[in-house]
Amino acid sequence: MLIWSRSARWPIWALFAAVFLVIVAAPLAVLVAAALATEWNDVLPGGFTVAHLGSALTGENQGSLLVSLQTAAVAGLAAVAVGTWAALALAAAPRWLRKGADGLLHLPVAIPSVVVGLGLLVAYSRPPLLLNGTRWIVLIAHLVLVLSFSYATVSSALARIDDSYAQVAASLGARPALVLWRVRLPMLLPAMSAAAALAVALSMGEVGATIMVYPPDWRTLPVTVFTLTDRGRTFDAAAATLILLGATLVALLILGRVSRGRTTTGVSP
Amino acid sequence: MTTAALAVERPARATRVSPLLWALPPLVVLAGFLIYPLVLVGVQSVTNEDGVRTLETWRSVLAAGEFHRAIGNTVLIAGAATAGCIMLGTFFAVVLALVPFPGSGAAARAVDTLLAFPSFLIALSFTFLYGAAGVLQLGDFLYSRWCVILAEITFYTPFVMRPALAALTHLPAERLAVAASLGARPGQVLRRVVLPEIAPAVAAGGALTLLLTLNEFGIVLFIGAKDVITLPMLVHSKGVVTFDYPSACVVAVVEVALSALLYLLYRRIFRRKGARGADLVP
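Chains C and Z, in that order, give the protein sequences.
Numbered by the numbering used here, the letters in the first sequence go through residues 1 to 269 in order.
Numbered by the numbering used here, the letters in the second sequence go through residues 270 to 551 in order.
Simulated from the structure, these hints should not be mistaken for lab results.
Residues from chain C shown here face chain Z by an in silico Cβ test under 10 Å; the list is partial:
id, residue
1, 2
2, 23
3, 34
4, 40
5, 82
6, 107
7, 141
8, 248
Virtual Cβ for every residue (Gly too), placed ideally from N, Cα, C.
Chain C extracted, bound-state conformation (with noise of 0.2 Å):
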């Protein structure tokens, strides 16, 4: 307790409530208000409709959902994937390999997402490998962008686990790979899960490397978004990235059900 009178209380109550309501409130309710808007020229929208809602659910609009969702699906299983084998591997690697790979798994974090497009671009438009233009090249950016967050959320569960549940089963005469399948692994499911929500809210999200890489066929919807915004028609904009955050929410109740369910069925014998 900083302040102890409660009639001084008020006035640092009534700050925070102007400024949070201005700085988080105000956004987010003015985007699910045009979203529904028919015209807004005012303070208030004109009126109300869910025809952006509708449009946003059909045509072109659906048709980048679903890249999205599925963009999202396949580079998010791959990045946990990769991620918790890098995690377990570098674990038991020697010091100057586990720093090195450590700070290079980081990297997509520290460098732009537009330079991480760009450089996909140069190096997959020419031989050994022309991957521009395909969809491969959408879902290679998003693997290596959300791979360091499912890479630094599993490695960071792992230092914080006992490592000594696998050492008995070790001792008990369990082969390392039925170590790592039935205690390591299973142990890591919790985290596994949240990298894989991590990476599927991350690669929702995701506009600046994509923008760079997209081919006209394998359009994302925050792409769409940016394209709707551009033509000027924004309620449309505001509507598309409505229903990309209900597709995000449902994506991840998903996730977290169906690893929940793992949980409980993968730990007991």
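For this one, chain C is given, so just place chain Z on it according to the hints.
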């Protein structure tokens, strides 16, 4: 006894033989999809369209006024946004932790959820809030640097608030009570007890925010102000709007050098101090 000892020995030896081999597959993924492209970006920046090695692109890009303006904008926006996030994040954390009110937990979670949203969402809602035809009717504010800064403060405040809140939970309530009972006014307690305690966490969060705002692209792209060109925007417009790969690569190399420098500094300072408040993982 001996069999048990042998059994313990075996996995230890097995992991010693092949850790390098086991680490190889993820490193190959990283090398192919991150390191190789970045190296090629560097190579492309000193190669002209006919495949000849030259520093001509570097010279012309570095001499251009748009590049200077982009660097100026990037640094100014990142600096101002970080300063704003530090002030706002500290304020939010102190109020939420030390002057709590009914619903402060929900407010903290609401700020946290911003982390899960794409940053362009903020920019999009700003077009309705601050656009010429919108809630506040502020005219050209939307297309100014200040609007970009405000949007970035909105989006990145949780990156400071989160570690600050975490640090405040480690602050024993007795210390505040003792300071107050010795006659310190709330302002003094804040300055002499609370702020020094959370300073490392705030600094770590602020450093991360600086790094992320230097690299921010979505907000600037969506606000779409013609005069507010930052380095990532320049990479984008040179790369996929005018298809001038060599110039785009020059800007990218500058940008990566800037970020890498800051990132190394960040890792060096905060890994050593062990300030765990501002992990990269939200």
